[in-house]
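J.: Residues per chain are reported as follows:
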Amino acid sequence: MEIKSRLFSGFLFKLLAAGLALAVLIPLGVVFLRASQPAGEAWAAIVEYRLWGYIWQTLLLVSLVTVIALAVGVPTAWVISAYDFRGRALLDWLLLLPMAMPGFVAAAAYVDLIGALTPFFIWVRQEWGIDAFLRVQLIVPWIFATGILGMTLFPYVYLSCRAIFARQSAGAIEAARLLGEGGAGVFFRVALPMARPAIVAGGSLVVMETMNDYGVVSLFGLMPLTPGVFRAWGEGEVVVAMRLALFLMIFLSAVLVAERWQRGRRGFGDSNGEGKLGRTRLGRGKSLLAVTFCTIPLILGFFLPVWRLLRWCWDSRGSAELAGHSQAAWNSFALAGGTVCLLLCGAVALVAVQRAYGSRSILVAQKICLLGYGLPSALVAVGVGALVVFLAENFPGGGMLALSASVFGLVLAYFVRFLAVAIQPLAAGYDRVPGCLREAARTLGSGRLGAMWRVDLPLVRTTLLAGATLCFVDIFKELTLTLVLRPFDFETLATRIYRFTDEGRVADAAVPAMALVVLCLIGLFPLSTLMKRLER
Amino acid sequence: MSLLEVNGISKIYRRGDTAALVGVSFCLEEKHILALVGASGSGKTTMLRILAGLEVPDAGEVRLDGRVIARASGGVAAEQRGIGMVFQNHALFPHLTVEKNVLFGVRKLAKPAQSRLLAELLELVGLPGMAQRYPHELSGGERQRVALARALAPGPQLLLLDEPFSSLDMRLKQSVRDETRDILRARGTAAVFVTHDTEDSLAVADRIVVMQEGRVQQIGAPQEVYHAPASPYVARFFGSCNFLPFQLLGSLERARVSCRVGPPGGASGERGLWVRPEHLLLEKPTAAGGLSGEVERVCFAGSSQRVFLKCAGDLLIEVSHTQGFPVEKGQVWGIIPVRRLPEQP
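Here the protein sequences line up with chains A and B, keeping their order. So the first sequence is residues 41 to 576, counted in my numbering. So the second sequence is residues 89 to 433, counted in my numbering.
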């Protein structure tokens with residue numbers, strides 16, 4: 041009898057896991073379904089006039105941003121890991137700050153600078169003629185957009201390389217030094233090749249974030265695929281939007297497959313307790329150089345936008361927008377808080393219960409749910425959007441239902457997109473809890489769930505909380521999904537910042553923008569402690 | 089009826105279909121200690137985990153006190169078996185104090201009974217006054233003792249120990265080992281412990297089950313397994329052992345042979361003697377043509393010298409030399425067996 045009840049509870053959990061996996065697959069399914077419907081002339085027109093532009097803009101944007109992020113992230117990680125100089129410890133932490141600067145917030149702080157460049161444009165016009173003028177007008181927004189994305193996204197590369205430089209390749213780097221290789225030689229001949237997996241991992245995160253960005257590119261008037269999807273969606277061309285979203289998905293899948301592939305081939309880079317890298321002490325001149333090198337991206341990616349925003353905050357004190365701000369902030373809090381509770385339950389059901397039962401089928405469900413993070417935001421948005429429209433049309437029940445349907449859609453979209461963010465820290469936390477503790481609890485009379493409750497969950501409490509904070513901040517600053525799926529007249533802080541910036545009222549956007557940055561800064565603490573814990 | 093009966097347990101791991109256990113059977117009497125000995129990969133840990141209920145066998149059954157607790161179709165859940173376990177790295181819960189660790193399995197007991205039990209167990213393992221410490225504040229030996237107290241707290245019928253001494257250093261190991269045996273004897277708890285260290289098994293166990301590649305090679309008392317190995321594998325596993333084929337021993341006086349004729353050994357399954365190095369002596373080579381060899385290597389091993397001699401037919405024989413006279417490389421010595429093992433009193 042005891043076996044029967046155990047099997048039954050196991051079955052229920054498998055059912056739950058299957059439901060979660062299904063939820064994650066829903067947007068993809070909807071997109072496939074709708075994309076296969078006939079689109080008629082609209083699609084032909086898109087293919088003829090816009091598709092090529094979307095594709096080359098996407099490719100150019102992604103490659104430029106990735107190059108910038110790598111060029112900044114890898115050397116800064118090396119300098120911080122391999123050398124010792126005054127301010128190193130502080131910079132080590134400060135270099136994470138740009139992560140707290142959502143791209144569209146930085147864009148809000150920079151977008152008016154294009155206006156400030158007018159004398160330069162006039163000068164070009166007078167000196168070089170109309171062609172040069174037009175070309176410069178085209179290029180300058182690209183410089184801003186790629187620069188902003190690169191400067192706010194490089195910490196992904198910095199973080200992954202930092203971990204590998206500091207720990208994984210310490211032994212080899214020290215061996216190279218003892219073999220008489222100097223600083224640059226060690227970097228190019230040993231550290232860089234060994235850090236390749238980390239570089240690719242960090243770089244692919246940058247690629248994903250860039251492809252999913254809507255705020256920065258649309259504020260600067262660029263038209264890669266993501267805004268393209270929303271443009272078609274806004275024009276009512278649902279099938280076209282779905283097909284464009286699939287294009288985006290193909291791009292992203294290619295990147296993720298490449299990342300997986302190189303990770304699978306990695307036969308090196310894993311540490312076996314080689315110990316920490318000893319840092320070389322730098323002289324005064326070189327220290328200054330190192331500090332300058334690390335500070336420039338920091339200023340561009342964080343301090344300059346923050347300074348400009350703060351100044352506008354001061355200017356806009358007593359503005360009439362405060363009531364609207366606080367309503368939007370409340371909306372953001374409620375949405376993020378509610379979704380995080382759901383995400384935590386989902387993560388526990390997929391990770392903790394999976395470990396408790398050792399179930400392979402739940403593990404499969406967990407892997408499927410991890411895929412959600414690899415789905416393009418635009419695809420999730422239009423997939424869930426189409427679902428919501430379908431529900432509203434087929435189950436009509438008045439305006440109230442339409443509102444709750446779109447709130448449901450918004451929560452579902454966040455859930456799909458960020459479930460992986462909740463799962464991964466928890467799974468990493470679990471990897472550090474030896475399985476024998478669970479077994480010990482069971483030989484002492486605890487059931488599977490009892491052992492999970494009394495032993496596992498208390499031990500992974502910190503990583504669980506860290507994951508929750510990350511999810512909270514991610515949802516709070518999510519713009520792309522919210523813009524498409526929010527109910528009518530419903531604003532979060534993120535959409536409000538975007539709307540004001542888009543309307544040219546950057547000063548009014550400053551207060552919510554600063555609020556968002558402060559909140560993201562709070563989110564950095566669990567991230568950095570999580571990194572430290574995982575590094576040990 | 090034995091306390092624990094293991095009948096024909098088999099276990100196959102799905103990956104690559106390698107058999108972890110093939111038809112393993114043994115039994116254990118009440119209050120006895122049994123050692124499962126084998127090299128890594130011999131299946132001894134899998135066997136222990138099947139006993140604990142952490143794995144399910146593919147065939148066979150396990151009975152505890154007459155009740156079937158494990159069989160291919162499931163059996164009793166680990167938490168309901170009433171079997172305690174001491175894990176290899178002790179598996180103390182890092183977030184709980186010694187007190188909470190020890191009392192983890194007796195939550196349902198009344199509070200006063202709990203505190204009495206705690207005091208008794210900490211006294212037994214020699215850690216009174218440590219109740220409020222956390223595991224990371226304890227030394228290796230102390231952790232091992234807490235793990236033992238925790239496993240004993242629910243009063244299990246059978247205690248399982250997975251390599252319980254392997255994480256301790258040499259000096260500590262011997263004292264903890266003897267203590268553990270005394271505690272088990274004092275409580276009258278039957279125990280099965282897994283080890284790859286033959287010395288541990290010889291010192292602690294009442295019976296030894298030697299395993300190799302998932303099969304039982306021999307079951308017996310420690311003396312039996314050491315002095316009368318059932319196979320060449322067992323002979324070599326419990327320390328160095330020389331195989332002397334009969335054809336080389338033609339002129340060796342049978343009357344002087346003190347050790348038993350062992351199982352077939354050597355490459356072609358020829359018969360001969362299995363003799364441990366401490367059962368051989370060196371003497372002046374005799375003209376009569378006894379077994380002799382040239383010293384190839386001498387290793388100092390503290391109380392003895394390990395002398396390796398090359399005999400006819402490329403046979404390398406190890407002699408544990410304790411007689412004191414100097415032996416050097418290149419010398420030729422005769423090899424004779426110890427005249428007679430002392431009779432049992």
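One should not assume that every hint holds.
Unchecked claim - Now the stretches of chain A that chain B is said to cover, found in silico as 3 or more residues with beta-carbon under 8 Å:
| hint | region |
| --- | --- |
| 1 | 126-139 |
| 2 | 249-258 |
Said to hold, decoys possible - Residues from chain A that keep clear of chain B, each with C-beta distances beyond 12 Å, as calculated:
| hint | residue |
| --- | --- |
| 3 | 174 |
| 4 | 263 |
| 5 | 297 |
| 6 | 484 |
If you are wondering where the hints come from, they were derived from the structure by calculation, not from laboratory data. Every residue gets a Cβ at the ideal spot worked out from N, C-alpha and C, and that includes glycine.
J.: Hint by hint, note whether the structure agrees.
T.: Hints, verified against the model:
Note: the region 126-139 of chain A has 0 residues with beta-carbon separation from chain B under 8 Å; the three-residue rule is not met and the coverage is violated. Against chain B, the region 249-258 of chain A contributes 0 residues with a C-beta closer than 8 Å to a partner C-beta. That does not satisfy the three-residue criterion, and the hint is violated. Under the 12 Å C-beta cut-off, the non-interface status given to residue 174(A) relative to chain B holds; the minimum distance is some 64 Å. Against the 12 Å criterion, residue 263(A) stays outside the reach of chain B, whose nearest CB is about 51 Å from its own CB.
With a cut of 12 Å on Cβ distances, residue 297(A) stays outside the contact zone with chain B, its closest approach being about 25 Å. In this structure residue 484(A) is not separated from chain B by more than 12 Å, as the shortest Cβ-Cβ distance comes to only about 3 Å.
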